[in-house]
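Engineer: Plus 2 on top of the position in the sequence shown (first one is 1) and you've got the working numbering.
Computed cross-link-like contacts, DSS-like style, restricted to lysine-lysine with a CA-CA straight-line distance of at most 30 Å:
1) Lys144 with Lys34
2) Lys138 with Lys171
3) Lys144 with Lys117
4) Lys141 with Lys61
5) Lys49 with Lys171
6) Lys164 with Lys138
7) Lys144 with Lys123
8) Lys144 with Lys56
9) Lys34 with Lys161
10) Lys123 with Lys164
11) Lys144 with Lys77
12) Lys108 with Lys49
Since the hints were made in silico from the structure, they are not lab data.
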Amino acid sequence: MKFFIYLLFLLSLPAFAQTETISWDDATISNKLTLTIAKREFDKIYKKADSIIKPDYSKVCGADADSSFEYVYYKGLMFEMDNGIMNFREINLSAAPKAPLFFVHKGITFNGNTKLADVQKLFPNAGAALQDCEDKVYKIIKLDPAESGDDSEWFFYFKNGKLAIIECKFSC
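Work out the full structure: start from the sequences and follow the hints.
Structural biologist: Below, the structure is given as structure tokens:
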């Protein structure tokens, strides 16, 4: 009987373990924008993008000759837009320090004042696997997506101990 109780206890541990993931559906930009949003809805909130750029598709991983997406930029935000639908790609929290933009996930706010140590407390396993960026300027915490089958990764870039960039990258 003790063995059965012990086994039940061990099997229940993963259910109570902290999940170190980011859920696309549970995240917003400044509590105003969902991570997938129609361009017309974006324009209702922020009036106008700073710029819309058509990339050189030959230099974009996974793009081909039939690609038609564009990058939409607004005060440190970058979305990928295809057929009027925008999907979040990056928020640069240090690009425009006076811009009141921030990232929210499950009620937790991440902004340019968020410290590396705070994020390491929220995500201790990922925080322990802290990596140096190739340029040696940033430290990176990588997180997986919460949604199964999603082939993205979340990158939290820190400069001088403070959160600078949050990026969602998709594999090619």
